[in-house]
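Participant: For this one, chain E is given, so just place chains U, D, Y and V on it according to the hints.
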Amino acid sequence: MNPLVAPIGLSHYLVVGSILFVCGVLCMATKRNVLGVLMGIELVLNGANLNFIAFGSPMLRADQSNSIGLDGQMIALFVIVLAAAEAAVALAIALNYYHTHATVDVDQANELKG
Amino acid sequence: MDAINWHSFFFLMCALVACTFAIAVVIASNIVRMACYLVISLAAVAGLFFLAGADFLGAAQLMVYVGGTMVLLVFGVMLTARGPFVSMKTGPAQWLVALMAAGALLFVLVQASFSIPAWAGPLASQPQPATLPATAEQLGYGLLGVRADQLDQRDAVARGGLSGYLLPFEIISVHLVVVLVGAAYLARAKRRVTKLSTNTAGSHKP
Amino acid sequence: MIPQAIYEKLLHPFRPWLLAQDFAAIDPWIEVRADGLPEICRVLRDDPDLAFDMLNCITAVDYFEPDEKKAAAAEWQPHLELQYHLTSTVHRHRIVLKSRLARWQNNEIGQLPEAPSVSSVWSTAEWHEREVFDLMGVLFVGHRDLRRILCPEDWAGHPLRKDYQMPVEYHGIQAR
Amino acid sequence: MAEFLAQYVPSWLAYTAVGLVQAALCLVVALASAAVFIWLERKVSARIQDRLGPTRVGGRFGWLQPPADGIKLLCKEDIIPAAADAPLYRIAPYISFCAVFAVFLALPFASGWVALDLNAGAFFVLAVAGLEVFGVILGGYASGSKWSLYGAMRAAAQVISYEIPLALCVVVPVLITGSMNLVEIGDSQKGWFTSWYLFHDPFTFVTFWVYVTCVTASTNRAPFDLPEAESELVAGFLTEYSGWRWVVFFMAEYAAMFVVSGFGAVLFLGGWNGPIPLASLLGLTPENHAILGWLGNLLGMANFITKAVLGVVFMIWLRWTLPRLRIDQVMTTCLKYCVPIASAMLAGVMIWTYLFPKGVIDGVRHSAPVVQQASAQPQSGDHR
Amino acid sequence: MSTERMQPETVEFDVRTDEMLINMGPQHPSTHGVLRLVLRTDGEVVNEVTPHIGYLHRCAEKIGENLTPRQFLPYTDRLDYLAGISMNLGWALTVEKLLGHKVSEKTRHLRVIVAELSRIASHLVAAGCYGLDLGSFTPFMWTFREREKILDLYEDLCGARLTCSYITVGGVTADVPDGWLKKCEEFLTQFEPVIDDLHALLTNNAIFIQRTAGIGVMSKATALDYGCTGPVLRGSGVDWDLRRDGEPIYTEMYDGYTWRVIAAPEGKYPDDHPYPPVPPETILGDSWHRYFVRMLEVVQSMDLVRQGIEKYSMAAGDVDEPIPLKKKLPKGEAYLETEAPKGQMGFGIVSDGSPVPWRVRVKSSSFCNLSVTPELCQGVLVADIPAIIGSLDLVLGEIDR
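Protein chains in written order, with the numbering used here: chain E, 1 to 114; chain U, 1001 to 1206; chain D, 2001 to 2176; chain Y, 3001 to 3384; chain V, 4001 to 4401.
This is chain E alone, in the form it adopts within the complex:
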């Protein structure tokens, strides 16, 4: 079943979504720069968004009976807006952290430790 010919189904989108999600998690786990972690979060949110859109898309499913329809796109819109807000706050915290500690290395942020 040569991929170019077979029609694209919902599961293909889900696979791409999960790859993005996993890259995001990996990025958050391994990056020591606070902005790297932030980028990881963006990837995770995008993975989730892709799934929402895929589920709600009219073209990807055989029966439209239990498709979430427009709700998928609406929730994706909410996610995008909230991601912008989250990035702004995270950046403000990162900048303040940078001003006080003159570094953005996450591993050195251990003052709260006992």
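Derived from the structure by calculation, the hints contain no laboratory data.
Positions of the beta carbon are idealized from the N, C-alpha and C atoms, including for glycine.
It is possible that some hints are incorrect.
A few chain E positions that, by computed beta-carbon distances, are all more than 12 Å from chain U [as the list claims (entries may be wrong)]:
(1) 110
(2) 111
(3) 112
So the derived label-pair ranges between C-beta atoms look like this [claimed, not checked]:
(4) U:1185 with Y:3243: 39 to 47 Å
(5) U:1029 with Y:3074: 32 to 40 Å
(6) D:2152 with V:4245: 32 to 40 Å
(7) D:2004 with V:4178: 47 to 55 Å
(8) Y:3050 with D:2092: 40 to 48 Å
(9) Y:3317 with D:2174: 52 to 60 Å
(10) V:4245 with D:2064: 31 to 39 Å
(11) Y:3055 with D:2152: 41 to 49 Å
(12) V:4197 with D:2064: 55 to 63 Å
(13) V:4245 with D:2068: 42 to 50 Å
(14) V:4067 with D:2174: 19 to 27 Å
(15) U:1188 with D:2104: 54 to 62 Å
(16) V:4162 with Y:3276: 53 to 61 Å
(17) Y:3145 with U:1009: 37 to 45 Å
According to the in silico footprint, chain Y covers these stretches of chain V (three or more CB under 8 Å from chain Y) [as the list claims (entries may be wrong)]:
(18) 4122-4135
(19) 4179-4188
(20) 4206-4216
(21) 4374-4388
Facilitator: Just chains U, D, Y and V now, kept in the frame of chain E:
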């Protein structure tokens, strides 16, 4: 070999771009390179949105996410750059553990996405709409409560009682304003600039 | 207010410091002892009748004759002369203050003579005194940061002195 | 055109051919506009400064000056500074040019003559215009020098902050037409110049001038050209660029000028509808005959291009008369003047269209048919 | 001597960046000639400015000790190369003061005509370059087109456009070629409307006012304290112009001329001046006022040139010949300051009786005007530095000597 299904061709293209650059973000060490790869990956995801029939969402993603959030991130990268972008390496041990965990998670997700037959895909027979579906207007009415896509809902109650998204949308916009004002206040540093005192150097108060 | 009256006004408080004066010259001048300069200048600026609020320029003249034949003929001993040209924008009158310095501090070649700085009275004196230090070699005591202003920082010698020899080469550039 | 070709050639070849033709057309328009406007800027600035401008290259009016410049710049040595981040340094100009070129896709030259008739056309143009700032930031950072980073940060701050009032101004015509489809916006301004949105009501008139200010600022032109402020930053982020990469940045700027004035023409000045509706008066409408309709569209396109060129001349005229603003004055004009005025005008237009609708309120009438034909996809723009 | 800007203010900035040392010059496009400014900036705000000069230092004073006064004259052209003839005038008058030499009536009026023309040329360069510093290119083109016409007049007069060495000790090198005075008048009549265009283009331009009003404010006390002179001093409201308040030998030149010093002692210009009203945002002593004083002086100089032409054509006799080349100088000292376009240009000469002077002193006005920049540029934005430096109208040839 009958005609190439254009939809799947473009899907494969965008998906490949999105995934490779997502992996590049993980691998890259220089923070600015990471930011650029992320921008390209998000643009490819916007392409996927267009392909999935959500053209308004694709444009929104391009504008708000790539145009706004990513520029914010790049600004953050520039402002916290201390000298040449020192790339902070993480030890190989952490990499190993992270890779194993991620691999397991990926396997589970892919398994799940292929397990349900309903998600397999549309029958070849169902014609795919030629023109790009106009979701902008439907989303607009979705806000107002006229659920254009749910009208063939089986039970009348669901069709009648679906309230619009207007109220949550207003709440979100107020929330966004509050968050941005807070972020601006948080990032602002006060400084006293003394004029004409003998020591001309401004004393900085963190 | 003619130079004579200015002289009388200064006579009372600064009699020991005023050494000589000449009101017939083209630019009437008063010679003062070098160490009294800041006080006299402060009085000249702050006294309402004098009100010398503008220091036009600080000039340094090097009286020294390199070859012996002419040196004998000259009727002055080798010395440095500082000239302060002052103007009052209020009363529209002018005066020149002169003070005499030895060419070298207690006559050892290489020891720059010292004079008190008037930059506390007029801020323009700061750059003028830096220029005199740079070109003529006079150390101004009490100056904020006495550095060379026109010649490069590591330049040797003071060009406007009569016995100045141009260095043969500077940073690899043949000068002579 | 694609369907027509599909009868003879396998469908995928038809679609790619059509796509390539349209892309080539848009690219030609972008490059030609850049070349013409370089010549135009030299001539107009010469006239303002009481001198002749290029006359020696190619005939009396110096027609060959742009190609001459192009060849000269092509022959320049391709220098990449040592401290530069080479791949980013190379990619930056192309990012900003592609961002500007992408707007050509959605820009309608005449009723129906548009590369991609997007339903959310206006929104797409704003989205893609936001990407241009990446090219500037990357260019500034990748040049490695302190000055170019300064210029890049200033340019980014300026372009981003002017996107907000720009979006507010674009919402006004969208509100009046009830749809974001640019072809629809242009068609709804058919007829005499009174039907232009510029003269629709006092609020849209003011919105147009706020739009002009924001657009001049977001293309880094005239009084807002901080990033290339010669007197302080010696050319901002363009300092290290020379030769072909500088030409690409330069073309991006001039194409951006053409695009934003074209976009403004569609939104406020009736796009292809001239002051006097010549096409309908002469009967060159699709109803009479396809060829006549095509001629009408040709007339419309000429109309659209003259308006865009007039917009560019206005920007050039601004540049050669006004001195440059300081960075904080640029920001205050944006946050203290453009944003409040734009939002006030938006509110004003809302009230105006509610109280004195031009004919029936498009919005509500439009929604009724959608409810009945729920299952069928509503064809865009045919039931007016 | 504290002004209202002195008390420390809490200035808030979005983001704190570390301090940067930025070099502006010596080949920076907006520093006029080879001036190097080291700015210590924090983000956009400049905390401290330190000018470095001396890149153009030729030690003209040492050269003066080996040349007779008339041989030294061409060197004075190279001091302020934008107004060469005013420098010649200063040196010629200083030596004539030492010699006690009086020039004839006709020469005096010819000197006024030529000196005031050079003032117009110098102020035109100042206005044009100031527009260029603030980013608008057109005033530069208009002002230099008019200045070219003045340089053509110089070329007819003495062969050179820039370094004319026309006024010499004892008189002028050559009398006026016939038809030159008519050409002067033609230039003045066609120059009248250009002034109004310049006012419309720059002086009343809202953005120009925004960029210059209230920037680099210098109080009267600071101006006098730092020895600033010329339009920079009069821009701060000090009513002091050497053509009226100078030494008798210099003020005699302007006897019989009706003119008025352009300054706003109580912060208000004489209201009968037919020029655009002073915008409200400007504070006396800011960059805008220094620029405005120069524009008013251009019109005043045009009037002086017209009066000079009339008096020159009515004066009897002919122009004086310069003194012999190797004339022995009397023993003594002489120092004279003249009102050059950029400020008070001082020349001093000490002679011991031989034809070659013992010591030559050159005091430059831009030297003092530049010394005030560290104080003016405290806490301004980087974009204001060219606005302040441009308003001081500096020429590095004159500063470095």
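Participant: Indicate, hint by hint, whether the structure satisfies it.
Facilitator: Each hint tested on the structure:
no., hint, result
1, 110, "holds, 15 Å"
2, 111, "holds, 15 Å"
3, 112, "holds, 18 Å"
4, U:1185 with Y:3243: 39 to 47 Å, "holds, 45 Å"
5, U:1029 with Y:3074: 32 to 40 Å, "holds, 36 Å"
6, D:2152 with V:4245: 32 to 40 Å, "holds, 39 Å"
7, D:2004 with V:4178: 47 to 55 Å, "holds, 51 Å"
8, Y:3050 with D:2092: 40 to 48 Å, "holds, 45 Å"
9, Y:3317 with D:2174: 52 to 60 Å, "holds, 56 Å"
10, V:4245 with D:2064: 31 to 39 Å, "holds, 37 Å"
11, Y:3055 with D:2152: 41 to 49 Å, "holds, 48 Å"
12, V:4197 with D:2064: 55 to 63 Å, "holds, 58 Å"
13, V:4245 with D:2068: 42 to 50 Å, "holds, 47 Å"
14, V:4067 with D:2174: 19 to 27 Å, "holds, 24 Å"
15, U:1188 with D:2104: 54 to 62 Å, "holds, 60 Å"
16, V:4162 with Y:3276: 53 to 61 Å, "holds, 58 Å"
17, Y:3145 with U:1009: 37 to 45 Å, "holds, 44 Å"
18, 4122-4135, "holds (count 5)"
19, 4179-4188, "violated (count 0)"
20, 4206-4216, "holds (count 4)"
21, 4374-4388, "holds (count 6)"
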